[in-house]
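Trainee: Produce the entire structure from the sequences given, and follow the hints as far as they go.
Number of protein chains: 4
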Amino acid sequence: MMSDKIRLLIWNENEDEKRFPDTLKIYPGGIHGVLESFLKDDFAVKVATWDQDDTHGLSDEVLDHTDVLIWYSHLRNEIPKATLEKLVTRVFDGMGVIFLHSGALLSFANILLGPSSRRGAYREQGELERLWVINRAHPITDGVPDHFEVQQSEMYPEPRDIPTPDDLIFISWFEGGEVLRSGYTYIRGAGKVFCFLPGHSTFPVYYQPEIQTVIKNGVRWCAPLKKPPIQSRSGEVDFDYRTIAHNI
Amino acid sequence: MMSDKIRLLIWNENEDEKRFPDTLKIYPGGIHGVLESFLKDDFAVKVATWDQDDTHGLSDEVLDHTDVLIWYSHLRNEIPKATLEKLVTRVFDGMGVIFLHSGALLSFANILLGPSSRRGAYREQGELERLWVINRAHPITDGVPDHFEVQQSEMYPEPRDIPTPDDLIFISWFEGGEVLRSGYTYIRGAGKVFCFLPGHSTFPVYYQPEIQTVIKNGVRWCAPLKKPPIQSRSGEVDFDYRTIAHNI
Amino acid sequence: MMSDKIRLLIWNENEDEKRFPDTLKIYPGGIHGVLESFLKDDFAVKVATWDQDDTHGLSDEVLDHTDVLIWYSHLRNEIPKATLEKLVTRVFDGMGVIFLHSGALLSFANILLGPSSRRGAYREQGELERLWVINRAHPITDGVPDHFEVQQSEMYPEPRDIPTPDDLIFISWFEGGEVLRSGYTYIRGAGKVFCFLPGHSTFPVYYQPEIQTVIKNGVRWCAPLKKPPIQSRSGEVDFDYRTIAHNI
Amino acid sequence: MMSDKIRLLIWNENEDEKRFPDTLKIYPGGIHGVLESFLKDDFAVKVATWDQDDTHGLSDEVLDHTDVLIWYSHLRNEIPKATLEKLVTRVFDGMGVIFLHSGALLSFANILLGPSSRRGAYREQGELERLWVINRAHPITDGVPDHFEVQQSEMYPEPRDIPTPDDLIFISWFEGGEVLRSGYTYIRGAGKVFCFLPGHSTFPVYYQPEIQTVIKNGVRWCAPLKKPPIQSRSGEVDFDYRTIAHNI
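So the sequence lines, in the order shown, correspond to chains A, B, C and D.
If you want my numbering, it's the 1-based position in the first sequence plus 23.
If you want my numbering, it's the 1-based position in the second sequence plus 23.
If you want my numbering, it's the 1-based position in the third sequence plus 23.
If you want my numbering, it's the 1-based position in the fourth sequence plus 23.
Fair warning: there could be bad hints in the mix.
Note: identical chains are not told apart, hence a pair may lie in one copy or across any two.
DSS-like, lysine-lysine: derived pairs with alpha carbons at most 27 Å apart [stated by the list, open to error]: (1) Lys239 to Lys48; (2) Lys28 to Lys250; (3) Lys63 to Lys239; (4) Lys69 to Lys250.
Since the hints were made in silico from the structure, they are not lab data.
Mentor: Okay, structure coming up:
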């Protein structure tokens, strides 16, 4: 019998784990490991990493069985353009995506959503971040207190020049004096996208219950709908934009 | 004495003019010609085309003197990636852009704003399009009636899967039974973007007073602000995202 | 054993039923009757009408057991202010609301959402309305084709001057030449609101499968979340705005 | 010769001035006085107060000559309903409004925009507020640094449950640990509305150059457009919603 659980693919660049020894001290199984550990009961989870195979864990076979993709990237930006195009098309066809931490500001996110800031400012001092719920009605905040704290976080400051989100859900207050839109969503075609910024590979953010609740809610919110195909009407000519260069 | 007029660069692919003889029957000076004719009194206008030189009319020298760029493209999609990157950065730094007609759904727009539909449906029968003002308070509608007609237009149907606009200004009704979000805006960094869909190179759309008023209003609305530079704060590390591959 | 079904209250003004004999020809059980008939299997449904009792069917007892309220109003606008205030507060505390047809443009909607147009234009000729899905990712469109037709509908034209929706989901094309934002949502506090415009008491709109699917999806989307109460922080003074006149 | 300056009406409740002696120490001419002092060179300014006459300074004669209204209210909420209805209709017809400080969360704002939070939390300790520009392209931020400080401010915390703004412009960081959407806009019909939250009658906020620049930009942004009247189409029936009870 087939499970009717949402099929979740956790993708991790798996590079912080190699370059920064502290990452494996905090997350002995890597960031994909900690994510899998708290998501595997609720969802049908698979894990993929950059270094896994020559598709970087993103073969058609794997993607054909993916409803929602969690994306953690930080340092690597040489993902082949054909792979990114394939992912963008999957999102337009309904696959949900959750961009975690810096993944929300890098290559795949910038190509799918439009680029954000040209300026990559950050501060890495393990300061306090307090997240405030701005949209109390959004399913991603189900069971989440109106504000909660991450004791040690990397700070990304506004103005971040992100494309105006469809839903702004969290705003973060940082100890050092900055604010950040830190949880927000977009639609792209039939696909839903959730960006969730708190984190850092050497801070234990993903062990925190509120963070785990938000990510679980995000997976449920991102799951694809059952949609009949688009019907052409009389006199219409149709072509596939993907046949045109530079069109992702 | 320097003029304080907004410096407008009209960029035309200038390809319909070569492939479709009807284009030059309707617009003997090309699409860039008709645009220049009704914009040159209000703005300090320059014209550029794809075939003009090896920068395609988009040299740094030209862009350094551009406040707002009008972009008409349809068939060519091989604009060099370095040129597109340069344009994206200019927008984030404040340059306004008006995408006319199919230009709003192709390469530069898709890279700046995020991709729109994977499906390029259209109908080219010269049918009636009636534009309805949805946002009566927006400066782009100044002096524009609450609805007006384009007698012959190319039809693009919804669902168009565009990134959710910041401001939805016009919705079009088509004789054949479709609707379209046909005028809408985005911000990208310090830059403002206006997409205005009605048109076709072989229909006399750009001679119409309401269309001309909307485009003039658009240029004024898109003009850059005077902004002090962003100030870094204590402990911040800064880098330039443009140094990273795949980040436009 | 308690059901875990969403508790839905269908409220109907029940006035068209008295003034316009055709209403009962089309809907022998009233508009509340037809709504109940297709919603009662999926949800725990109660029905209330204006003329039911001196609370107009909206006692605290009833509302205490309501997760989502469907609101159909057209002619009556003398709902007591205290009742409207109570409803507004319930929405802010999480109760979902679906405004059907003219209910989206009248008293309760205007007080909850902010007023819409001062101009009440309509055309009642049973013309064709074609609804286009603009947001293919929204749960309210689950299982709904990208466009579908209502054979006979009352026409409300743009510009409608509604408060800019949080999510624009449907745009309607009317045979007579107009367009309308005809399905859209808002949040108000912890409550979600869905406005769905097609309909008229003397046209058989609510028998249509696509319309029924949209309304069922709407009920699920509107259901309240489980939210911890808001926590005050150090030094804060708190008061209840409802103690101030004119503040709904 | 008539001036073509924007005609600005500064309306002040003028009640803090009577109840809290510190107000007149900071602002000897009242809050309307300080606003007038920095706005009178750029705009054609009139001043009105609650206690001025039996129209509370809001006669038809005065409003007939008003393009933009600045509204400062805090304690009084007994403004006659007929006056509020009149103001709402003026906004829909194009009059701009700037709500300052608590005015953005009280009676006129709640009726025009839809209610905000039922919970009136605040902290009045003169703490530091740092405003961050979120929308660098918006004309209201022209000439404004990407962040600036108000040394002593009254704190209003999120979640504030405001209707989702059309444009979110500023987010504030407070010394005590909270954030606030502190500058944002709406459209209502042909009218533009800007809410700007920093302030308190006993802190010298309105002497600050950045605050003055924002308010001046706001007045320019709010000014009405020149719009042809809405044209009815064939078969339409028209009525005036203002004839219906409870419809502001």
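Trainee: Given a CA cutoff of 27 Å, do Lys63 and Lys239 count as a within-copy pair, a between-copy pair, both, or neither?
Mentor: Result: close within a single copy only, 10 Å intra versus 30 Å inter.
Trainee: Since the copies are identical, ignore which copy is meant and state whether Lys28 and Lys250 lie within 27 Å (CA to CA) inside a copy, between copies, both or neither.
Mentor: both (18 Å within a copy, 24 Å between copies)
Trainee: At 27 Å max between alpha carbons, let me know whether Lys69 reaches Lys250 within a copy, between copies, both or neither.
Mentor: within (25 Å within a copy, 30 Å between copies)
Trainee: Is it within, between, both, or neither for Lys239 and Lys48, if the alpha carbons may be no more than 27 Å apart?
Mentor: within (24 Å within a copy, 49 Å between copies)
In summary, this structure violates none of the numbered hints.
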